Amino acid sequence: MSQENEDKKLKEKSGKSLKNDTKGQRSGPWSRKEKEFIAELVHLIRENITPADFINISNPSLIVICINDATAAKAQTAMMKVYDKIEEMVFNNFNKFELVMQYKVVPLSTSVPFEKQLLDLTKQLTEQHD
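Under this note's numbering, the first residue of the sequence shown is numbered 1, with each subsequent residue one higher.
These are computed hints drawn from the structure, not numbers from a lab. Be a bit skeptical, because a hint or two may be false.
[Unchecked claim] So the derived label-pair ranges between C-beta atoms look like this: (1) Pro29 with Lys74: 32 to 42 angstroms; (2) Pro107 with Glu87: 36 to 46 angstroms; (3) Leu121 with Met89: 31 to 41 angstroms; (4) Ile38 with Thr126: 12 to 22 angstroms; (5) Glu87 with Ser111: 30 to 40 angstroms; (6) Ser109 with Glu36: 18 to 28 angstroms; (7) Val100 with Ala72: 33 to 43 angstroms; (8) Glu40 with Gln76: 17 to 27 angstroms.
Because the structure is a prediction, the values reported are computed rather than measured. Think of the CB as a built atom: it goes at the ideal place given N, C-alpha and C, for glycine as much as any other residue.
Please take these sequences and the hints and turn them into a complete structure.
Here it is, written out as structure tokens:
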């Protein structure tokens, strides 16, 4: 389903419009409710990763969690735990809404800039979802 059709259905259901393009980039400032939700989400994620790891949320549709100093297997386990917690939180707090999430655990290269790796990975995930 195209993003335009998804936006139309969301607007019909809620009476609100959410402006996203196919890359998940949202226009305009975040609402107070979005900020509160993101704060709760960050807290939930932080409880399941180490202080050396970091979270980047550039918009509500894309959350990057960088697990440092861990094997791929340990990072996979951490991501599965975070995935399950987020899914449970959304299901319990948003009228049994079924969230669709994707994640991918990949080792980062030290010879390629982080930003380029992030862009490539984001592109892979968004193309996979389309």
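**Message:** Quick check: does the Cβ-Cβ distance between Pro107 and Glu87 fall within 36 to 46 angstroms?
**Reply:** violated (25 angstroms)
**Prompt:** Measuring from beta carbon to beta carbon, are Val100 and Ala72 in 33 to 43 angstroms?
**Reply:** Violated - the Cβ-Cβ distance for Val100 and Ala72, about 24 angstroms, lies outside 33 to 43 angstroms.
**Asked** Measuring from beta carbon to beta carbon, are Ser109 and Glu36 in 18 to 28 angstroms?
**Response** violated (36 angstroms)
**Prompt:** Is 17 to 27 angstroms a correct range for the gap between the Cβ atoms of Glu40 and Gln76?
**Reply:** For Glu40 and Gln76 the Cβ distance comes to about 24 angstroms; the hint holds.
**Prompt:** Is the gap between the beta carbons of Leu121 and Met89 within 31 to 41 angstroms?
**Reply:** Hint violated: Cβ distance 24 angstroms, outside 31 to 41 angstroms.
**Message:** Range first: 32 to 42 angstroms. Now tell me if the beta carbons of Pro29 and Lys74 are that far apart.
**Reply:** Holds, at about 37 angstroms.
**Prompt:** So the hint says 30 to 40 angstroms: do the beta-carbon atoms of Glu87 and Ser111 match that?
**Reply:** Between Glu87 and Ser111, where Cβ atoms are some 35 angstroms apart, the hint holds.
**Message:** Between the beta carbons of Ile38 and Thr126, is the distance compatible with 12 to 22 angstroms?
**Reply:** At roughly 20 angstroms between Cβ atoms, Thr126 and Ile38 fall inside 12 to 22 angstroms, so the hint holds.
Checked against the numbered hints listed earlier, the structure breaks hints 2, 3, 6, 7; every other hint is satisfied.
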